[in-house]
Amino acid sequence: DVQIALESTGHYNYNIVTFLRELGYNVFVYNPFIIKQFAKSQSLRKTKTDRKDALLIARKLRSDVTPEYYQTDKSMDELKELTRYQNRLIQSRSKCKNLYIRLLDIIFPELHRVISNLHNHFVYELLTNYPSPQKIARARFSSLLNIKRLTADKAHQIQETAKRTIGNASPALSLELVQLIESIKHYDKQINQVQEEINRLMTELNSPITSIPGIGNRLGAIILAEIKNIHNFKNSNQLQAFAGLDPAIYQSGQMDNTGHMVKRGSSYLRYALIQAAKLISIYSPHFKAYLKLKISQGKHYNVAVTLVAKKLIRIIYHLLKNNQTFDEAKLR
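Residue numbers 1 to 332, in the UniProt record's numbering, belong to the letters of the sequence shown in order.
You may find that some hints are simply not true.
What the hints assert, rightly or not - The calculated lysine-lysine pairs, modelled on DSSO-like cross-linking and capped at a C-alpha distance of 27 Å, are:
{"id": "1", "residue 1": "Lys52", "residue 2": "Lys234"}
{"id": "2", "residue 1": "Lys74", "residue 2": "Lys189"}
{"id": "3", "residue 1": "Lys288", "residue 2": "Lys311"}
{"id": "4", "residue 1": "Lys299", "residue 2": "Lys330"}
{"id": "5", "residue 1": "Lys321", "residue 2": "Lys234"}
{"id": "6", "residue 1": "Lys311", "residue 2": "Lys330"}
{"id": "7", "residue 1": "Lys97", "residue 2": "Lys189"}
{"id": "8", "residue 1": "Lys36", "residue 2": "Lys321"}
{"id": "9", "residue 1": "Lys234", "residue 2": "Lys40"}
{"id": "10", "residue 1": "Lys228", "residue 2": "Lys321"}
{"id": "11", "residue 1": "Lys228", "residue 2": "Lys40"}
{"id": "12", "residue 1": "Lys97", "residue 2": "Lys278"}
{"id": "13", "residue 1": "Lys310", "residue 2": "Lys278"}
{"id": "14", "residue 1": "Lys97", "residue 2": "Lys135"}
{"id": "15", "residue 1": "Lys278", "residue 2": "Lys311"}
{"id": "16", "residue 1": "Lys294", "residue 2": "Lys310"}
{"id": "17", "residue 1": "Lys189", "residue 2": "Lys95"}
{"id": "18", "residue 1": "Lys234", "residue 2": "Lys311"}
{"id": "19", "residue 1": "Lys234", "residue 2": "Lys330"}
{"id": "20", "residue 1": "Lys299", "residue 2": "Lys310"}
{"id": "21", "residue 1": "Lys288", "residue 2": "Lys321"}
{"id": "22", "residue 1": "Lys48", "residue 2": "Lys36"}
{"id": "23", "residue 1": "Lys148", "residue 2": "Lys163"}
{"id": "24", "residue 1": "Lys40", "residue 2": "Lys310"}
{"id": "25", "residue 1": "Lys311", "residue 2": "Lys228"}
{"id": "26", "residue 1": "Lys278", "residue 2": "Lys294"}
{"id": "27", "residue 1": "Lys48", "residue 2": "Lys234"}
{"id": "28", "residue 1": "Lys321", "residue 2": "Lys278"}
{"id": "29", "residue 1": "Lys292", "residue 2": "Lys311"}
{"id": "30", "residue 1": "Lys278", "residue 2": "Lys330"}
{"id": "31", "residue 1": "Lys228", "residue 2": "Lys330"}
{"id": "32", "residue 1": "Lys330", "residue 2": "Lys294"}
{"id": "33", "residue 1": "Lys310", "residue 2": "Lys36"}
{"id": "34", "residue 1": "Lys310", "residue 2": "Lys292"}
{"id": "35", "residue 1": "Lys228", "residue 2": "Lys74"}
{"id": "36", "residue 1": "Lys321", "residue 2": "Lys74"}
{"id": "37", "residue 1": "Lys148", "residue 2": "Lys185"}
What the hints assert, rightly or not - Label-pair ranges, simulated between beta-carbon atoms:
{"id": "38", "residue 1": "Arg21", "residue 2": "Asp53", "range": "19 to 25 Å"}
{"id": "39", "residue 1": "Glu182", "residue 2": "Gln42", "range": "53 to 59 Å"}
{"id": "40", "residue 1": "Gln297", "residue 2": "Gln3", "range": "46 to 52 Å"}
By construction, these hints were calculated from the structure, which means they are not laboratory data. Ideal Cβ placement from N, Cα and C applies to all residues, glycine included.
Starting from the given sequences, assemble the full structure and let the hints guide the process.
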């Protein structure tokens, strides 16, 4: 039997892996982190050439007792593509939302005093129909009441505020405002469509990851997609290092001068784990007490959350490795 192994190179190896599998070959894809660890265990010199890299990967394949662990599940590839695409959509939507707020500061700066959440759908509808305070001020009150979820009291407050605004709206700014709202709504629709497909895949996978309090399909999908195959990691410490949460980086809560955590490993996995750590500290009594303990010991909140994330990694590793669901009673 001919077996083919290669190092994962993101989207660059997608076509070749698909092509070889369609021809009937067994193809094994190794995470670069695993190959790097294997190279260290072989005590090889640090000279790096394509030929030596290929030989190293071949040795890794030959030495594996269970190489089938490294066969990539197609559903995981799909999940990774979807979660990363969704992330790009969310980032694009965030840019539009920031520009939208900037425009409102110019056009109608007093509006935020009347409405706390300027991204409510009734606000979008109001500004689409009346994209300047002058148009709102001149609008028939009965027309304003046709906007869903806009109460008479709130409509009156908005209209009176519009009459006294210091804001200025040119035709160009009004056009930009309307189109930004359209873009935000378009991104909302696309993000929801992607999430529906993620939900479908997560239902098929039926992973124990979503049994963890606070981890739903979105965060669970990101974590699974970045890990791909838990058998790629010999222990939870390797998974921790892959996420960029290894002690060398985070034991002191090291931050760079912009206030962001030092970047290493999979940034997508790290993001999902940090968000999951915050949520599990709300929903799990054990993790809530653990976070409180670390803060009482003088740890900064961000450092304490990172420590929760590292503890959570060990739980995730155990659950995925043994296909077990989360059990609060077993935590210690």
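Provide an ascending list of the numbers of those earlier hints which the structure does not satisfy. Violated hints: none; all satisfied.
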